[in-house]
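Now for the letters of each chain:
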Amino acid sequence: MATYGKHIQIGEPVLPAKGIEKALKAGALKDPRILAVLEDMGFPGIDWWTENMPERMVEVGIAEQNGAVVAGALAAEGFVPVIYSFLFANVGRALNQVRQSILVDRFNVKFIGREGAWGEVGISHNTIEGVGFSRVLPNLVILNPSDVVEAEKATEAMLQYHGPVLLRQESSPTPVRVFTDDYPFNIGKAYWVKEGSDATIIATGYMLTEAIAAIDLLEAEGLDVGILNMCTLKPLDVGAIIEASERSGAIVTAENASIIGGLGEGVAAVLAENLPAPMVRVGIEDEFSQSGLITPERDDLKIHFGLRAEDLVVSVKECIAKKERLRCRD
Amino acid sequence: MAHNDALVAELEAKSNKLRNHCFTQFCTFEQGHAGGTMSIVDVVTALYLHHIKFDAKDPDWPERDRVVMSKAHCCEAIYAALVELGVYPEETLGTYYCYGSPFQGHADRWSTAGIDYSGGSLGQGLSFAAGMAYAEKLKMILKPPGAEETFLPRYIKRFDPLYRSYCILGDGELHEGQVWEAAMFANKFKLDNLIAIVDYNKWSLDGPTNDVMPIEPLMDKWKAFGWWVTEIDGHDMGQILDALDLSNRMYGDNRPKCIIAHTVKGYGVSHWETRRMHLGRGEEMMKGVREGREKYGDVR
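If you read the sequences in order, they're chains W and Y.
Counting in my numbering, the first sequence runs from 1 upward without gaps.
Counting in my numbering, the second sequence runs from 1 upward without gaps.
Isolated chain Y (complex conformation) (with noise of 0.2 Å):
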């Protein structure tokens, strides 16, 4: 199914402010993990602004849609979007990294309304939008107390899960060998409702992701774990959506899923494309910085 040409570049065009938020956190310490951001900013820019079920007048909904930020140093990126979305006013962005803001360093559950995970510690956060989305299943058959008003409704047409548990990983962390013990639980207890997109920037810190310790065939490790899996362009917003859309339908074939969308890191401004930046600072960043603001027209 394609999208229309409209919502396509209303996304492109709200994935460039979003970007411009960024910037503004960048400026805030002349800091910030400015590679992996931009190469994830196209998805989260898809999921939040036009994807997932998130209501922003109330982040705690229970029935919103879960997203986790595995690669929770690129929260940058989910910040400009809570931005976006009106959960906080824009003046946040200039309090990143600040002692006390709900913008923390690493994406933090109780600083931040909207953020389901706290994360940081790479290669977890499969794990935990696992067991969220075994919640989903489990509210299902044991139906706490409080769940017969709330849930109950929906059981009987089980067309849509409750809520759907999203995952946003990096390629590096899937080094970790509890991505892959967190693949086989899904793919256990069978979590439709489980989708994980992998930015695969191809870098990592210290090199090519493949170099530090080689991740490929990465398409069919998933497969072979039980998942399904489809790959895109992490860029191609149209690509994006489809993707995000195929996998809601796919929902009741009993099989988690995974998207792989192929990035670049530092996407969108060629200073960080070409330095495979991974934690930018100071004059490094602000040049980067001064293109990207540049090139985007600094439509805050």
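The following block holds chain W by itself, in its conformation from the complex (with noise of 0.2 Å):
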């Protein structure tokens, strides 16, 4: 059996979307600056919303150009908006508007945009490329939180935090609970899931519930394979992409997202400016997604783009080889 960082006790699946919601109406209740900023999308509990706090309910409809831009304003005059919609609107759609009239002057907005590979509503919903987009825009602070303890966390720690921030609510099937409550969460640290000599996954959002199931597979073949979580994807956590270098000297990185400007681009420039290491990064080549179901029996787009545990396996075998090849040279 593989050994475990302090803080992990793997369960049964758990939607991360409670966690925000929870997270989201603690926050509501002690802070009255918080507002809901809909885009016609829903909200996380929206019902408790409703019934509890109407006045801070700003519905914008469809129109994230102008939600975006209100809630910069709103942020100016001291509020705490959070946008809530898919993160292809809320920021895609809105691009400029973000850039322009909250980052430019750093106001406290927060986005809640879901995203990911995976769905039923296709090629528009399953969007990839948020991360890229997201990650070279200055003063926005990216969370990809990875199960339900972690996004209850990265939620509380988003609205105590001044200044723009961005969570991403991942479609994707539903990750494993890994974490335990008093798991500690800080904005810009990674957290070390388990310790390796072979290789290391850096894994962020639902990836992380692979590469545990990978570990095992991995073991039986005797790897000792360590796992990094990587739920903040802006600041990355240099030190501990440093320090995992210096461990294992291999790096996999695994993300719900294009493997162009994301994750794997991100490590492999800290990796490259500073202890360069041989690396393969699994995630959306370079293409867009379909509509698939997902259940536990069958899920093709899991099969499609390679994201299985199993496909982790291979990855870091590929890895561990250009290692061994590297030190052949030497």
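I should point out that these hints are in silico values taken from the structure, not numbers from a laboratory.
Do not take every clue at face value.
Said to hold, decoys possible - The list that follows gives simulated cross-link-like pairs (lysine to aspartate or glutamate, DMTMM-like), each with its CA atoms no further than 20 Å apart: (1) K137(Y) with E59(W); (2) K194(W) with D216(W); (3) K137(Y) with E55(W); (4) K6(W) with E221(W); (5) K188(Y) with D40(W); (6) K190(Y) with D216(W); (7) K317(W) with E221(W); (8) K188(Y) with E59(W); (9) K190(Y) with E55(W); (10) K188(Y) with E55(W); (11) K137(Y) with D31(W).
Unchecked claim - Quick list of the computed label-pair ranges, beta carbon to beta carbon: (12) N186(W) with E91(Y): 40 to 50 Å; (13) V314(W) with M213(Y): 49 to 59 Å; (14) A13(Y) with I260(W): 56 to 66 Å; (15) M250(Y) with E51(W): 30 to 40 Å; (16) K6(W) with K53(Y): 49 to 59 Å; (17) G132(W) with E294(Y): 49 to 59 Å; (18) G226(Y) with N274(W): 55 to 65 Å; (19) G226(Y) with E285(W): 48 to 58 Å; (20) G226(Y) with D286(W): 40 to 50 Å.
Source: prediction; values computed, not measured.
Cβ coordinates follow ideal geometry from the N, Cα and C atoms, glycine included.
If you follow the hints, you should be able to join the two separate chains into one complex; please do so.
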């Protein structure tokens, strides 16, 4: 059996959305500045909000550009607006508005954006580019929680942080509960889920679930592979990435997003500038998604994109082979 | 209500002074958005030097009226007003466009005291002004921490809002769909503390605004979106003051206000007027500056 970090207790699948909803309610009760900005795409715990604080719900309709700028103005006046929608809408559709009317002045606006390769709704809504187009924006913190506990803690941290934050709520199969209740979450800090000397999987979001499943398969083959959970996609935890390179010398990144502009590229840049190590990036290759049902028995998209634990095992072994080749050359 | 002639004359003189301040800024790099700045100077003079609540000693005063320069490339006019009000010394005019200067190429909230909105990407200002107007209403309802002392005494008497939110729009930026998203938003939330002023100088960068993309019938458009609208000559100080006063007095009618100010691009400098100059550079610029300096008597 693999030995996991102190704050790891792997459980059943639970929707991260529950954690987000819980933290938002608790935050709103504590902090009267928090406003729910709706773009006709619902809101976590919308019934509770309607019943308990209707005056703090700002419905802007399907007009994300106006919504983003109005939120910027509300933040300029001291409120803490939380905009909920698909990431392609609340940030993507309003990208220039977010830049010009929120980030330039570092207004305290929070985004919760639903995004990921999975879903029945198809190519329009199963988007994978959000992390890429958001990471280039200055002043924006990006969080991508991996399970229900981290989702709750990340939402709480987002509301306490002063400045613009994007929290990505992934469209994916339901991730398993990984963290214990006393898991210490800090913006910008990665967490060692498991240490390992042969290779390290740096995982974010749902892919942590697949990474954990991959560990057992790898152990059966006698490989000691670590997992570093990277919730904050910007700013990346540079120290932890260098540590991963020192410990194992082979890095596999795993993300439910395009491998261009996402976690993989960020990690590659850190390694290249500090302590280069062979890498394999697991994620969505340069292509769009499509419709696909998610059931425990059948998940065509997971197979199509190569995001299963089995696929991770292949990538880890490929990465270890690269490391060996480098050693032989020396 | 007609304004007394003395006030009108005083503001007209101030307006010419502001023009001179603008010329000084244009000289720094022989460059600037001369056309749109000249067309809005009179309105800016009426707003900053007479109409709005603004404390030059405390430009962040929470109860100040908000002014969003949505056509932020014409911020030279606002900078001129800020100098005239004493927020910045006159020397600052000579640092326009310079690295580290409070007078940036486009209005920038963090660089300049007295600027409420960092603009430049057109079509967003009305949303921002509407957001601030809505925040004023929300502060009344939600009373966030600290609000009790500052705002509560005023809740009781609701003759006047805590602050009004003004937005200066260019006519060209009305092409942006977002302006009309904001117009719907302002109507939905009954933002009678929001006043939009359209600098209708009829010219955009590529040509006549109504050729580039027709915006007429403009008055009907605003009316259809539920706004109270009026049309004025944007270079007639008496009409500007009357429209602003009327929009104040209409407070409480649940309607956002729009003042369509008919103006002339490059107003007051014939060289710029005939060329409908958007962004002036080099000799084109300096020829106009020399003409303007002569006409307005270099009253710095």
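Okay, the hints, checked on the actual structure:
no., hint, in the structure
1, K137(Y) with E59(W), "holds (15 Å)"
2, K194(W) with D216(W), "holds (12 Å)"
3, K137(Y) with E55(W), "holds (11 Å)"
4, K6(W) with E221(W), "violated (25 Å)"
5, K188(Y) with D40(W), "holds (15 Å)"
6, K190(Y) with D216(W), "violated (60 Å)"
7, K317(W) with E221(W), "holds (10 Å)"
8, K188(Y) with E59(W), "holds (10 Å)"
9, K190(Y) with E55(W), "holds (14 Å)"
10, K188(Y) with E55(W), "holds (14 Å)"
11, K137(Y) with D31(W), "holds (18 Å)"
12, N186(W) with E91(Y): 40 to 50 Å, "holds (46 Å)"
13, V314(W) with M213(Y): 49 to 59 Å, "holds (54 Å)"
14, A13(Y) with I260(W): 56 to 66 Å, "holds (60 Å)"
15, M250(Y) with E51(W): 30 to 40 Å, "holds (36 Å)"
16, K6(W) with K53(Y): 49 to 59 Å, "holds (57 Å)"
17, G132(W) with E294(Y): 49 to 59 Å, "holds (55 Å)"
18, G226(Y) with N274(W): 55 to 65 Å, "holds (58 Å)"
19, G226(Y) with E285(W): 48 to 58 Å, "holds (49 Å)"
20, G226(Y) with D286(W): 40 to 50 Å, "holds (46 Å)"
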